[in-house]
Each structure stands twice: as structure tokens, then as C-alpha cells.
Amino acid sequence: MSDELRQLAKAISKVENLDFQALADAATLPLDSAAVHVIGVTGPPGGGKSTLCNQLIKELAVHHRVAALLVDPSSPFSGGAILGDRIRMQALVSNPNVYIRSLSNRGNVGGVASSLVSILRLLMHNGFRYIVIETIGAGQSEVKIASIADTTLVVSVPNLGDDIQAFKSGILEIADILIINKADLPGADSLYSALRESAQNPRLGWTPPLCQTIATEGTGISALLEEIHNHGHWLRQEGRLLEKRKRAAKFEFLELSRMLLQKHLDAVPAEVLARNLNRKGINLLQKLNKVYDELLNTFSEV
Amino acid sequence: MTPIRVLIAKPGLDGHDRGAKVVSRALRDAGMEVIYTGLRQSPEQIVLAAIQEDVDIVGLSCLSGAHNSLFPKVVEGLRAKGAEDIVVFGGGVIPDADIPGLIAAGIEAVFTPGTSLEEIVSWVRKRVQKNHE
Numbered sequence: 001m002s003d004e005l006r007q008l009a010k011a012i013s014k015v016e017n018l019d020f021q022a023l024a025d026a027a028t029l030p031l032d033s034a035a036v037h038v039i040g041v042t043g044p045p046g047g048g049k050s051t052l053c054n055q056l057i058k059e060l061a062v063h064h065r066v067a068a069l070l071v072d073p074s075s076p077f078s079g080g081a082i083l084g085d086r087i088r089m090q091a092l093v094s095n096p097n098v099y100i101r102s103l104s105n106r107g108n109v110g111g112v113a114s115s116l117v118s119i120l121r122l123l124m125h126n127g128f129r130y131i132v133i134e135t136i137g138a139g140q141s142e143v144k145i146a147s148i149a150d151t152t153l154v155v156s157v158p159n160l161g162d163d164i165q166a167f168k169s170g171i172l173e174i175a176d177i178l179i180i181n182k183a184d185l186p187g188a189d190s191l192y193s194a195l196r197e198s199a200q201n202p203r204l205g206w207t208p209p210l211c212q213t214i215a216t217e218g219t220g221i222s223a224l225l226e227e228i229h230n231h232g233h234w235l236r237q238e239g240r241l242l243e244k245r246k247r248a249a250k251f252e253f254l255e256l257s258r259m260l261l262q263k264h265l266d267a268v269p270a271e272v273l274a275r276n277l278n279r280k281g282i283n284l285l286q287k288l289n290k291v292y293d294e295l296l297n298t299f300s301e302v
Numbered sequence: 001m002t003p004i005r006v007l008i009a010k011p012g013l014d015g016h017d018r019g020a021k022v023v024s025r026a027l028r029d030a031g032m033e034v035i036y037t038g039l040r041q042s043p044e045q046i047v048l049a050a051i052q053e054d055v056d057i058v059g060l061s062c063l064s065g066a067h068n069s070l071f072p073k074v075v076e077g078l079r080a081k082g083a084e085d086i087v088v089f090g091g092g093v094i095p096d097a098d099i100p101g102l103i104a105a106g107i108e109a110v111f112t113p114g115t116s117l118e119e120i121v122s123w124v125r126k127r128v129q130k131n132h133e
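Line by line, the protein sequences are chains Z and X. Under our numbering, the very last position in the first sequence is 302; numbers go up by exactly one each time. Under our numbering, the very last position in the second sequence is 133; numbers go up by exactly one each time.
In isolation and in its complexed conformation, chain Z is listed as follows (with noise of 0.2 Å):
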């Protein structure tokens, strides 16, 4: 057991680290298993997220193996991170039916790491019913989690600013569920009725349900899981979930080509790099266009 745990953290890193083979590898895994339920939870930092995932993971561990991948930011200096979302969750480290695993965002924008979804894959191959990801602390247009969790929980806090802030177009609009985390503070109450709207907005179909909860005592963490397995139910119906995970392997597709362009590009001295745009930078952009549509092309041939 442990030794297949050491091989799954070791792929996990390969993947992370754009190993060509790994990624390869990867991919030959499905992605449509119907029996796991992939939770996205995002919100702003310190709303309690990590706590929130401590608790849900807790009772989905009772009776299944729950994988939990938890994003922090890297250093926009430095590239590197201080990954300290395991704090909340020290308790679940010896849960033998409990994987966790922290992330970089490795300069990704959009709350998550740009391999998430090939990192989902190894997951599912490795028998998880549930898989947690946990985004960075989360703005207003940090959305990128609704294309890779089936189910997304947005978790908000009281007194982050006046009703205006839920009206906004972003974060509010990708919540499947709902959350008012911190439920015991002043100012809850304003907060659910800003929030009521949004969350009667039925959203193709689905109304997202507005849950409260206290995640530091494990308040209103069974009600969440109901509506949780609620949506999960839902998904399962008329191809949706399998709709979704079409949709997370086109995500998956785009983030990696995306980070192999920073990649290439970080390499040339900006220096260099301006110098060469000038010059020829239509050129450059008209051969990118090409390859891209060569590429394509090899696709509708099939």
C-alpha cells in the first residue's frame, strides 16, 4: 500500500514537472469514470476553506478512499511557495482511505496548476471515489475550477464588502453550491440575503442550493454533503457529468499547451524576446496560428 502510495506521489510530481512520458502516460487514463465525484472548492483567502475541505473529507473518508489536492500561489519573484493548506488537516494525515497532496499554481493564473486535470487522472486510475481540490484563495474572476470539478463549492464570508460585491459577474456565477462559511459572525445575515439571489438563479438547469456552516465546529457539514450528493446525482443524469469531463480534457489540452508556451518563452531573455517582436512579431504569431491549425487538423482526421 505504501509503496503504491510512493509510486502515485512520484507520477504526481513527473506530471507537475511536464515530464513528456508521464503526461504521456497520463492521458491513456480515463477521465469519464462516473462512480467519482470531483469537489472543487474556491473562495477568497482565509474563508475557511482548507477547514471546510478538513471536515467534508473527514466524513467521506468514513466509507471511501477521498483524495485532496490543495493549491497555494507560487512567488511571482522566486517561484517558489509555501504550500500550508495540510495545517487544517492534520487529523486525516494517518486516515489510511485519505491522500493529500499540496500544489504550486507554479505562476498559473486562475487558482489552480495548469496539470491539474492530467493529476486527476492518475486518481481516478488509482481507485478514488472522491477527489477535494482546494483552489488559492480565490478573487473575482478565479474560475478556472468550474472547468475541472464536476461539483463547485464557492465558500463566502461575512463583511467582505456591501451587497454590490454579489451582484458582480465572476467567482458567484460558477457556484453550483453555495456557502456561507463563518455562519456565526455578524453579519451573516445580510450576507445571505445579498447571496439569496444569486443562488435562485437556476443556472442551466441546476439552482445552486445556499448552505451555511461553521467549519471550524463542523456546523451545517452534513447538510453540505446532502446537497453535495444532491448535485452528484443530478450530474449522473442525461450525460451531464459526462459532458463535464469532456469539457475538463479540452481545459486539460489548453492549460498544458499554455504552460509549455511560458515555458519555452521564460527561457529567452525578455530582452531578446522584445527585441524580436519588433522586428518580427507578426511573423512569429502567424507561424504560431499555423501550427495550431495544422495541429487541429490532424484532430477532425480521425
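Be aware that a few hints might be false.
If you want the ones that stay clear, here's a sample from chain Z, every Cβ over 10 Å from chain X, calculated [what the hints assert, rightly or not]: (1) ALA34; (2) ALA35; (3) SER75; (4) ILE82; (5) GLY84; (6) HIS125; (7) ASN126; (8) ALA183; (9) GLN200; (10) LEU225; (11) GLY232; (12) ARG240; (13) ALA249; (14) ASP293.
Okay, the calculated bits of chain Z under chain X, using three or more residues with CB under 8 Å as the criterion [what the hints assert, rightly or not]: (15) 11–25; (16) 49–56; (17) 100–110.
What the hints contain is simulated information worked out from the structure, not anything from laboratory work. Values in this document were obtained by computation on a predicted structure and should not be read as measured data. Positions of the beta carbon are idealized from the N, C-alpha and C atoms, including for glycine.
Based on these hints, arrange chain X on the given structure of chain Z.
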């Protein structure tokens, strides 16, 4: 460029985490990915976290005097799980007289108060590079 992955952990019942945090930040500023597990970890928890996170190296911080019993347990635990390639180093208020014993038990370096951050960062980098060769 593959970032070095480091686990910084505080084994045992010791609440003094300033040093661990300062070292974590220095390693981050040197471009490493630092998994910080927080206070009051058992050696078993540290071993499991190191394996789950696939780290290259584990740094243990102890200021309570229990280093002689706790540090070697982490090394033993890693060996028992076939993860002896994960390097272990330590730091804290550790008497000079204890250091040879810790080194013999497989803690490859021990950094005591007064060590510069540059020294720790450069040792970690060199040691992990050596492992990758």
C-alpha cells in the same frame, strides 16, 4: 526547471515555530516549494506527509530538547517505508554534544542557532542536487 520540494515539520510537543517559519521563507525565496505542516506532529505523521507530498528533503525543527528521540524516529520511519532516499536534516537548540549521535542516526546536517540562512539554503540545494545526479 524542477523546484526542490521540502517538508518543514515540527515534531513533538513544542510550540516554538518561529525558526521553522523563517527557514521556510528563506527556502521559498530560494525558489523551493516548502510544505509546512504546522505544530505538534508525530514522527509517523511526518513520514506519511513526506511520502504523500513526494518531497526531496525533510527539515525538522525542535526546541524542546526531545530531538534525540524524535529526529531518529523520522529517519527510521522513512527507511521502513522504503523512502530512504528522502534526506533528513534538523535544527533548533541542540547541544553540540548531541550532534554526532544525530548524524550517526541519519540526520545528515544539524543547524544550530547562529547559522546563516544562506548556509542552510545552499546546503539543502547541494544535497538535493547530489541525490538527483
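Now for the hints, and whether the structure bears them out:
no.	hint	verdict
1	ALA34	holds, 27 Å
2	ALA35	holds, 23 Å
3	SER75	violated, 6 Å
4	ILE82	violated, 5 Å
5	GLY84	violated, 5 Å
6	HIS125	holds, 17 Å
7	ASN126	holds, 12 Å
8	ALA183	holds, 25 Å
9	GLN200	holds, 40 Å
10	LEU225	holds, 24 Å
11	GLY232	holds, 26 Å
12	ARG240	holds, 32 Å
13	ALA249	holds, 25 Å
14	ASP293	holds, 31 Å
15	11–25	holds (count 3)
16	49–56	violated (count 0)
17	100–110	holds (count 5)
When each numbered hint is compared with the structure, violations occur for hints 3, 4, 5, 16.
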